[in-house]
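Those sequence lines, one after another, are chains G, R, U and S. The C-terminal residue of the first sequence carries number 357 in the numbering used here, and the numbering is unbroken. The C-terminal residue of the second sequence carries number 357 in the numbering used here, and the numbering is unbroken. The C-terminal residue of the third sequence carries number 357 in the numbering used here, and the numbering is unbroken. The C-terminal residue of the fourth sequence carries number 357 in the numbering used here, and the numbering is unbroken.
In short, the hints are calculated from the structure, not lab data. A couple of the hints might just be wrong.
Since copy identity is lost for identical chains, a pair holds within one copy or between any two.
DMTMM-like mimics (lysine to aspartate or glutamate), calculated; alpha carbons at most 25 Å apart, straight line [unchecked claim]:
#	residue 1	residue 2
1	K281	D192
2	K354	E207
3	K198	E144
4	K281	E237
5	K198	D181
6	K339	E328
7	K281	D206
Number of protein chains: 4
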Amino acid sequence: MCRWLAYRGSEVLLSRVLYTPVLSMIDQSLRSRLGAETTNGDGFGVGWYGAGPVPGVFRSVEPAWNNENLRELAGHIRSPLFFTHVRAAIGSPVQQSNCHPFRHDRWLFMHNGYIDGFAAIKRDMILAVDESLFPQISGTTDTEALFYLALTFGLADDPPEAVARAIGFVEARGRSRGVQYPFQGTIATTDGESLWVFRYSSEGKSRSLFFTRDVRTLRQEYPDRDVLREVSDDARLVVSEPIGDLPGAWVEMPEASYGVFGKGGEQLLSFAPKPPPKAPQ
Amino acid sequence: MCRWLAYRGSEVLLSRVLYTPVLSMIDQSLRSRLGAETTNGDGFGVGWYGAGPVPGVFRSVEPAWNNENLRELAGHIRSPLFFTHVRAAIGSPVQQSNCHPFRHDRWLFMHNGYIDGFAAIKRDMILAVDESLFPQISGTTDTEALFYLALTFGLADDPPEAVARAIGFVEARGRSRGVQYPFQGTIATTDGESLWVFRYSSEGKSRSLFFTRDVRTLRQEYPDRDVLREVSDDARLVVSEPIGDLPGAWVEMPEASYGVFGKGGEQLLSFAPKPPPKAPQ
Amino acid sequence: MCRWLAYRGSEVLLSRVLYTPVLSMIDQSLRSRLGAETTNGDGFGVGWYGAGPVPGVFRSVEPAWNNENLRELAGHIRSPLFFTHVRAAIGSPVQQSNCHPFRHDRWLFMHNGYIDGFAAIKRDMILAVDESLFPQISGTTDTEALFYLALTFGLADDPPEAVARAIGFVEARGRSRGVQYPFQGTIATTDGESLWVFRYSSEGKSRSLFFTRDVRTLRQEYPDRDVLREVSDDARLVVSEPIGDLPGAWVEMPEASYGVFGKGGEQLLSFAPKPPPKAPQ
Amino acid sequence: MCRWLAYRGSEVLLSRVLYTPVLSMIDQSLRSRLGAETTNGDGFGVGWYGAGPVPGVFRSVEPAWNNENLRELAGHIRSPLFFTHVRAAIGSPVQQSNCHPFRHDRWLFMHNGYIDGFAAIKRDMILAVDESLFPQISGTTDTEALFYLALTFGLADDPPEAVARAIGFVEARGRSRGVQYPFQGTIATTDGESLWVFRYSSEGKSRSLFFTRDVRTLRQEYPDRDVLREVSDDARLVVSEPIGDLPGAWVEMPEASYGVFGKGGEQLLSFAPKPPPKAPQ
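If we strip away everything but chain G, and leave its shape as in the complex, we get (with noise of 0.2 Å):
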């Protein structure tokens, strides 16, 4: 299990949002209150839109909270729209490739949980990736068969549609091998301009989600946090647990839900996952 961040409002620089002591998402992979698992010390990355438009990555296998170089660089991108995720491995091997957030072309995609059973079905799901794209994955987690699997099923065109695909195959080849449960976990995807997350389990038990209340309210409850003003007044921050230290900041993002955070504004909707168009043979 995992914890991640995603923002996406005006430019900040990524220390701000990853350090400093209000809105500390470093801290928490070393103490995590609300995980599965309260260390998530098996490796980090970050993915941040600035020159171009395909995403930087930069992802290492050592904890977060001693990492030099992730200090250095967040003390030096600025950045509208970055993705942070701190992992703790659950029978992937440690690696750099392993790491989140993944990224295709100008897509970011990340994810807190699971895919139960997943040794049983990746061969389904390798299969099931556009023969296009198969050569680009690499790494072996169960995250990135998502991913491509959801780009298969058109994330580009239509992410809520893609990911509901993509669940939904996950759903019937786990169930199909006898697992009760196949998916666990929370999700966000970005292309650079929307962001999506997702929460969602087959159990109906997800993974936590949270969301910041909106900007202006927020900075009439705190107004001596510098950060607040900082940031624009459509600014969000998407969490897997609530950080730092602002009550009443968060807003959880109801079970089997999905919210979009755009240009042409934000929309919180439930979601459901689409099986395939036919039970597998």
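For this one, chain G is given, so just place chains R, U and S on it according to the hints.
What follows is chains R, U and S alone, placed relative to chain G:
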């Protein structure tokens, strides 16, 4: 491309073969003479038999020449059969799970060379791997895919047959995708008892491979070399290129051949891939 | 802060002590109960005696719990005397040369605790190190500086005396800089024959330290534990905090004490630092 | 030995200088032509000015040529002044704190070469470092010790004077220990505004150092090179050895000289170490 070494004989301290000036594999990682690349700095691995039938494996993405842990281990581990490999990555990520030797149960497998057009045929190869073996693939190299293909084709029962079928499969699929010379390289594999080594390339211009001449003869030629008195009469080193300063100690493996070094004696035979029974549909 | 373990007895496979559920040091790296920090994820080290008088040392900056190489080594190395250490860095960089145990010639040394005000007195400590030893300091930790101070003060001849003088030096210099409680911690050191362990802090509230009760007694209480039948009657584990599920197996070292476990028998004595002969000018 | 590059001019994307075939520093890490060692695979570092007066530093012990994070950063960071360094370790451990460039406050410092007899005079050097600076030394290299010596001798006020005194100190102490040629190498240092580069060796046979000719001239000679149109008229690259395929673009620094590239213009002057006022007692 890469460099590898396989030792089979009486128990020796690994450092005697990896670090002593007479036979230094590690120096070669920095300055290869015969290789396509002169520097093999993209990770290394050691596999050795000792406690129990399953070999130990120590792998790292750091260059072998500056790895202190490798030096420590080599100075403390004695083994009658071990593999070492230094890697110059071409294409695949530099990560621990991509370092040779690969291990499955009691088997080790390593390779110097490449599968041309691997991206195009990787999916076919992966699909041909036995479903029960598939989840154990943990990296992304052509070599590991070839190893699992060979396991699928019966490596544990008949190594030369299985390797011939695996390379035959690669050639058939590669050629069907328009690749002229799909396979290139040398391979070593072992079950902890016998050692099989292969030299073959579709083009007929294979990477070099050498083994040591009879130890008794070598002792006469080099009476002052302690290491030759330490090892048993049947000890053999097989290497990608001659190492150390023992001119005359090395015999080159012929093009398209394989060798077996086992308890029942030694054999040097010709090698030819076995194409799949039917052409791929 | 950190956690450590020292074993002395008959030869055992390291994995029996590091990984088996009964006595799992590695689990403890992830979830310490008594430590000031619960997570010890900033590197680890193993030092063991085997081939020759100089011990092997394997150290890494990765967390111990996900290190595959450690698992491999522990499964293949047998030793009658070994140290393991998991680190939670406080101040010093997370780098291999800062991982315990430290080695000099045939000696190993490790520490759980800290020197308060180390930055202020480091220069004094380094200056007091024998000039011939000075160039061998390769890291930047307080522990390594203390080790070289103890070596300077005759560790090889009289370990308790040398450690008492080293800590006495630290206390004198620290106090002259206004530090109330300069030293805190537990120490283990060995020459490959005997094992010395220390528990002391300037404040009189030292980090915990435990050793196993007599093996014969333990075998009677836990007749089903195989590991107890494998080891010799004189085997001892000394640990920062009790590990595994053997309640009643552990004896706490008293405050301000040290123990010797050697061929000539065992002793538990009181410990007091020895201040330098003259106050620092 | 090592290879380094310093850039000062208008803001450019780091990847334009580190990776494009015209000017590829990274290729050089694998295949140096003029260096004493052809492979510089023992770590690398990048220091750059951007957000605020204190530069960012990204360092790693992996070879530069296969480091994906370096490639990501270089593709997303723009800077008007940056250093890169690839290392071939000689003696000091391969660890992040030993990778150049070194940073103190707003200063960066890097070096290609060595202090002969460093083990013998390291203690003298460390002792001569200002007590307030001493605790900030975090690695074990000769270069970092030289940097702190230069800081002690007033680097922030008069870099050429401070470097002359630091090297003078090294020569005096080295010679008093019987070392014939104590210093060898080239140095770059900057405060984020001006760039100082030095070429000097006690023997009078210094490592090579080159800087680019006037950009306006280069544009005329190489009208098809985009990178030359991107950078400002006053842009300069200073490198250990010519990189890329621009014959005629490079001017060699004379033996025993230093250059200043700053807002107030450029100067090339002769360099001589300044011995300490009194001989060491």
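Structure-based check of all given hints:
For the homomeric pair K281 and D192, the shortest alpha-carbon distance inside one copy (14 Å) is at most 25 Å, but the shortest distance between copies (47 Å) is not. Taking CA atoms no more than 25 Å apart as the test, K354 paired with E207 passes in both settings, with 21 Å inside one copy and 22 Å between copies. In this homomeric assembly, K198 and E144 come within 25 Å of each other (Cα to Cα) only across copies, at 23 Å, whereas the closest approach inside a single copy is 35 Å. In the homo-oligomer, the alpha carbons of K281 and E237 lie at most 25 Å apart inside one protomer (22 Å), although the nearest pairing across protomers, at 51 Å, exceeds that limit.
In this homomeric assembly, K198 and D181 come within 25 Å of each other (Cα to Cα) both inside a single copy, at 23 Å, and across copies, at 21 Å. When the C-alpha separation of K339 and E328 is checked against a cutoff of 25 Å, the pair qualifies only within one copy, where the shortest distance is 22 Å, while the shortest distance between copies is 54 Å. Taking the closest pair of Cα atoms, K281 and D206 never come within 25 Å of each other, the shortest separation being 31 Å inside a single copy and 35 Å across copies.
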